[in-house]
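Enquirer: Protein chains in written order, with our numbering: chain A, 1 to 258; chain B, 1 to 442.
Hint data in this document are derived by calculation from the structure and do not stem from the laboratory. Bear in mind that the values here come from a model prediction, so they are computed numbers and not experimental data. Don't take each hint at face value.
[Claimed, not checked] Think about it this way: if two alpha-carbon atoms lie no more than 20 Å apart in a straight line, the pair counts; the simulated SDA-like pairs of lysine to any residue are: (1) B:Lys322 x B:Leu350; (2) A:Lys132 x A:Lys182; (3) A:Lys108 x B:His436; (4) B:Lys439 x A:Glu113; (5) A:Lys63 x A:Ser23; (6) B:Lys418 x A:Gly92; (7) A:Lys108 x B:Thr397; (8) B:Lys418 x B:Ser226; (9) B:Lys223 x B:Asp310; (10) B:Lys30 x B:Thr43; (11) A:Lys10 x A:Val55; (12) A:Lys108 x B:Pro433; (13) B:Lys439 x A:Leu121; (14) B:Lys439 x A:Lys10; (15) B:Lys439 x A:Gly92.
[Stated by the list, open to error] Not close to chain B: a few residues of chain A, all C-beta gaps over 10 Å, as computed: (16) His8; (17) Glu73; (18) Leu137; (19) Glu150.
A virtual CB, placed ideally from N, CA and C, is assigned to each residue, including glycine.
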Amino acid sequence: MLEIKNLHVKAEGKEILRGVNLSVKAGEVHSIMGPNGSGKSTLAQVLAGRESYEVTSGEVIFKGQDLLALAPEDRARQGVFLAFQYPVEIPGVSNTYFLRAALNAIRKSRGEEEISALDFLDLVKEKMALLKIDESLMSRPVNHGFSGGEKKRNEIFQMSVLEPYLAVLDETDSGLDIDALKIVAEGVNMLRNENRAFIVVTHYQRLLSYIVPDYVHVLCSGRIVRSGDSSLALELEEKGYSWLEEASSEAVVSGEAG
Amino acid sequence: MGAKNPTDYSSSFVRLQNPTEPRWLQAIRKAAMERFSELGFPTPRQEEWKYTKVDFARKMAFELAVSGPNGLNGDRLDQLTFGNLECPRIVFVNGHYCEKLSSLQELSSQIQVQSLAEVLRENPEWVEPYLARYASYQDHAFVALNTAFIQDGAFVHIPEGERIQEPIHLLFLSTAPGEATVNHPRNLIVLDEDSQATILESYVGIGHQPYFTNLVTEIVAGKNASLDHYKLHSESDEAFHIATLQIHQDRSSDVRSFDVTLGGRLTRNEVNGVLDGEGATCTLDGLYLVAGGQHVDNHTRLEHAKPHCDSREVYTGILDGKATGVFHGRIVVRPDAQKTDSKQTNNNLLLSDEAVINTKPQLEIYADDVKCTHGATVGQLDEDALFYLRSRGVGATTARSMLIYAFASQVTEGIRVKSVRSEVDDFLFSWLPQGHLIKEAV
Numbered sequence: 001m002l003e004i005k006n007l008h009v010k011a012e013g014k015e016i017l018r019g020v021n022l023s024v025k026a027g028e029v030h031s032i033m034g035p036n037g038s039g040k041s042t043l044a045q046v047l048a049g050r051e052s053y054e055v056t057s058g059e060v061i062f063k064g065q066d067l068l069a070l071a072p073e074d075r076a077r078q079g080v081f082l083a084f085q086y087p088v089e090i091p092g093v094s095n096t097y098f099l100r101a102a103l104n105a106i107r108k109s110r111g112e113e114e115i116s117a118l119d120f121l122d123l124v125k126e127k128m129a130l131l132k133i134d135e136s137l138m139s140r141p142v143n144h145g146f147s148g149g150e151k152k153r154n155e156i157f158q159m160s161v162l163e164p165y166l167a168v169l170d171e172t173d174s175g176l177d178i179d180a181l182k183i184v185a186e187g188v189n190m191l192r193n194e195n196r197a198f199i200v201v202t203h204y205q206r207l208l209s210y211i212v213p214d215y216v217h218v219l220c221s222g223r224i225v226r227s228g229d230s231s232l233a234l235e236l237e238e239k240g241y242s243w244l245e246e247a248s249s250e251a252v253v254s255g256e257a258g
Numbered sequence: 001m002g003a004k005n006p007t008d009y010s011s012s013f014v015r016l017q018n019p020t021e022p023r024w025l026q027a028i029r030k031a032a033m034e035r036f037s038e039l040g041f042p043t044p045r046q047e048e049w050k051y052t053k054v055d056f057a058r059k060m061a062f063e064l065a066v067s068g069p070n071g072l073n074g075d076r077l078d079q080l081t082f083g084n085l086e087c088p089r090i091v092f093v094n095g096h097y098c099e100k101l102s103s104l105q106e107l108s109s110q111i112q113v114q115s116l117a118e119v120l121r122e123n124p125e126w127v128e129p130y131l132a133r134y135a136s137y138q139d140h141a142f143v144a145l146n147t148a149f150i151q152d153g154a155f156v157h158i159p160e161g162e163r164i165q166e167p168i169h170l171l172f173l174s175t176a177p178g179e180a181t182v183n184h185p186r187n188l189i190v191l192d193e194d195s196q197a198t199i200l201e202s203y204v205g206i207g208h209q210p211y212f213t214n215l216v217t218e219i220v221a222g223k224n225a226s227l228d229h230y231k232l233h234s235e236s237d238e239a240f241h242i243a244t245l246q247i248h249q250d251r252s253s254d255v256r257s258f259d260v261t262l263g264g265r266l267t268r269n270e271v272n273g274v275l276d277g278e279g280a281t282c283t284l285d286g287l288y289l290v291a292g293g294q295h296v297d298n299h300t301r302l303e304h305a306k307p308h309c310d311s312r313e314v315y316t317g318i319l320d321g322k323a324t325g326v327f328h329g330r331i332v333v334r335p336d337a338q339k340t341d342s343k344q345t346n347n348n349l350l351l352s353d354e355a356v357i358n359t360k361p362q363l364e365i366y367a368d369d370v371k372c373t374h375g376a377t378v379g380q381l382d383e384d385a386l387f388y389l390r391s392r393g394v395g396a397t398t399a400r401s402m403l404i405y406a407f408a409s410q411v412t413e414g415i416r417v418k419s420v421r422s423e424v425d426d427f428l429f430s431w432l433p434q435g436h437l438i439k440e441a442v
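Could you build all of it, start to finish, from the sequences and the hints given here?
Expert: Below is the structure:
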């Protein structure tokens with residue numbers, strides 16, 4: 001479904017990603033872990049089409065298409081979804097109206113009928129009940145005045161309504177208490193199926209007890225320095241990242257020398 | 001306009017003399033004309049006119065507009081923004097009362113809504129205590145000119161204790177015939193003690209010739225009176241629109257003014273409120289939405305003259321293209337006006353690199369026990385919010401329009417008359433790229 005090849009990305013003149021390779025198949029859950037500043041969020045944002053990052057080389061193929069050539073909205077319409085680390089507050093735009101506009105834009109691009117207001121309401125109510133989201137949030141402006149946990153749940157709620165093929169969760173677990181974390185994990189697990197893939201970006205192993213990944217990758221200084229199965233997450237929990245950071249800087253040095 | 005000489009206001013004034021008019025009115029006209037001759041039109045050297053050049057008034061030739069509905073009918077009005085608000089209305093075409101288009105039958109007989117020209121002919125004593133007593137022509141050339149040329153406009157009188165829920169619509173239509181024309185609408189709105197009303201004043205234009213609306217409205221709110229006043233400006237792109245709204249408030253009165261500017265080539269709105277009785281409250285809100293080469297200037301002045309008065313002011317502007325805007329809000333707190341509570345805000349959204357806004361909030365405080373705050377913002381669309389919307393599949397243009405609409409709704413939410421809110425919304429939907437999508441989504 002997704003092929004990231006030798007991806008190099010700069011932000012404000014500084015190289016953040018320095019040759020990322022990653023292959024994700026439909027049905028898989030990949031976790032990207034790593035210390036702060038390793039480039040995890042950059043990778044997530046680049047996949048969603050954030051324009052403030054400059055891709056200097058490499059490519060990203062999503063369902064056979066050059067993902068990097070697409071505008072953010074076209075990526076969403078093709079089925080890419082990013083759950084933001086810091087969901088944006090948008091005063092004046094109601095959650096319902098925004099989400100319905102988004103869903104209809106996606107459906108339209110796929111040649112499907114727009115959803116009626118009534119059907120949309122049913123859909124939304126069903127998903128809200130599953131994610132234990134208070135219905136009053138829907139009439140409020142997007143993320144405006146939401147608590148940290150409400151914002152994160154709202155991301156997962158949007159994901160469950162938009163039903164993407166590839167969902168990228170950018171530190172959705174950070175700042176959540178254990179109950180909220182379980183709700184978020186349930187939301188993700190409900191959507192897991194053979195047609196859909198997830199990239200779960202996280203700093204902590206905690207979330208991965210509830211969303212068990214097929215693969216775990218460690219990103220250090222802009223490169224994936226180690227990949228493994230879910231047991232790698234436990235190892236990281238125990239040993240921290242420093243042993244891998246040392247390994248990666250050695251790799252960079254030897255790489256430059258070669 | 002090339003070969004023509006600029007308007008000779010003095011000779012038009014002489015032609016306008018009418019010896020059958022009441023003496024007091026003749027005296028006011030004469031004094032105002034003299035004052036206008038002394039003042040002349042303002043120049044950018046005057047601080048109050050620094051960013052708004054009125055060369056058009058000095059240089060262009062404007063004929064005094066004559067009446068005549070020109071075969072207009074209600075259907076034509078219905079198509080105009082603010083042309084069709086469902087409520088009793090009095091209509092003026094090119095500044096002159098038009099009975100055919102007016103519909104005042106449903107109004108309670110207690111409420112007076114009449115052509116000022118008619119009142120000045122038949123019962124001038126009704127307006128004598130108020131007319132030109134509040135909007136000072138001493139320091140203001142355009143008010144002086146309007147006062148010298150008072151011909152017609154609306155006279156609204158809400159007697160003591162009358163509380164009317166339904167809005168009353170004063171509709172001013174300019175047809176912009178072949179010649180460039182000027183008209184000087186003059187409105188007087190008087191609310192007696194303990195009365196209540198909602199008044200919509202709208203200015204709309206058809207045709208593409210330049211014209212000049214030089215407007216003055218005086219509002220006199222008696223003790224405990226309550227007024228919602230909307231001024232809605234959707235004149236044509238060739239219109240010059242200079243307006244003064246003068247509000248005088250007695251004890252415990254409550255006036256909420258909402259000014260919407262959507263049209264015009266050059267617009268200057270002045271709103272001056274005087275809180276002249278204890279416990280009075282005043283709200284001044286405004287929305288301006290301009291693009292292309294439009295210029296809009298909002299000058300407000302709130303004078304707290306007595307203790308325990310509250311005022312709130314929020315003006316919000318959206319400027320695109322090469323549009324230019326000015327906001328100058330002044331709050332004056334007199335020495336007696338202790339316990340004043342006043343807050344003023346001006347927020348601007350610039351949609352292009354070429355749009356310009358000059359904003360100047362100003363406080364003049366001569367009392368020591370007051371609470372006054374002011375602030376202004378000038379910004380562009382939030383890139384993070386745009387990306388967020390787009391990352392969900394909303395197209396870039398729609399996302400922009402959605403955010404602009406959201407910015408505007410923070411102030412349009414305060415419009416309490418449903419039909420006005422929906423007219424402003426409809427205008428926004430037609431103004432915004434892919435606005436129809438926003439309309440469906442809202």
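Enquirer: Take the hints in turn and mark each one as holding or not.
Expert: Here is what the structure says about each hint:
With a CA separation close to 10 Å, the supplied pair Lys322 (chain B) and Leu350 (chain B) stays within the 20 Å bound. Between Lys132 (chain A) and Lys182 (chain A), the direct Cα distance comes to roughly 11 Å. Compliance with the 20 Å bound is thereby established for this hinted pair. About 16 Å separates the Cα atoms of Lys108 (chain A) and His436 (chain B), which keeps this hinted pair within 20 Å; it holds. The straight-line distance between the Cα atoms of Lys439 (chain B) and Glu113 (chain A) is roughly 18 Å, inside the 20 Å bound, and the hint therefore holds.
For a cut-off of 20 Å, the pair hint linking Lys63 (chain A) to Ser23 (chain A) stands: about 12 Å separates their Cα positions. A hinted pair counts as satisfied when its Cα atoms are at most 20 Å apart, and Lys418 (chain B) with Gly92 (chain A) qualifies at roughly 18 Å. Among the hinted pairs, Lys108 (chain A) with Thr397 (chain B) is consistent with the structure: their alpha-carbon atoms are about 16 Å apart, no more than 20 Å. Pair hint Lys418 (chain B) plus Ser226 (chain B) holds up; C-alpha atoms about 19 Å apart against a cutoff of 20 Å.
A C-alpha spacing of about 15 Å is found between Lys223 (chain B) and Asp310 (chain B), which places the hinted pair at or below 20 Å, so the restraint holds. A threshold of 20 Å between alpha carbons decides the hint, and for Lys30 (chain B) with Thr43 (chain B) the separation of about 24 Å lies outside it, so the pair is violated. Annotation: proposed proximity of Lys10 (chain A) to Val55 (chain A) holds, straight-line Cα distance about 6 Å (limit 20 Å). As the CA atoms of Lys108 (chain A) and Pro433 (chain B) are separated by approximately 19 Å, the hinted pair is consistent with the 20 Å bound.
Taken as a hint, the Lys439 (chain B) and Leu121 (chain A) pair is honoured in the structure, with Cα atoms around 18 Å apart against an allowance of 20 Å. Simply put, Lys439 (chain B) and Lys10 (chain A) have alpha-carbon atoms about 39 Å apart, too far for the 20 Å limit, and the pair is violated. Annotation: proposed proximity of Lys439 (chain B) to Gly92 (chain A) holds, straight-line Cα distance about 14 Å (limit 20 Å). Listed as outside the interface, His8 (chain A) is consistent with that label: its C-beta sits roughly 21 Å from the nearest C-beta of chain B, beyond the 10 Å cut-off.
The beta carbon of Glu73 (chain A) sits about 4 Å from the closest Cβ of chain B, which is not more than 10 Å, so the claim that it is off the interface is violated. Against the 10 Å criterion, Leu137 (chain A) stays outside the reach of chain B, whose nearest CB is about 16 Å from its own CB. Every C-beta of chain B lies more than 10 Å from that of Glu150 (chain A), the closest at about 16 Å, which supports listing it as non-interface.
Of the numbered hints listed earlier, those contradicted by the structure are 10, 14 and 17.
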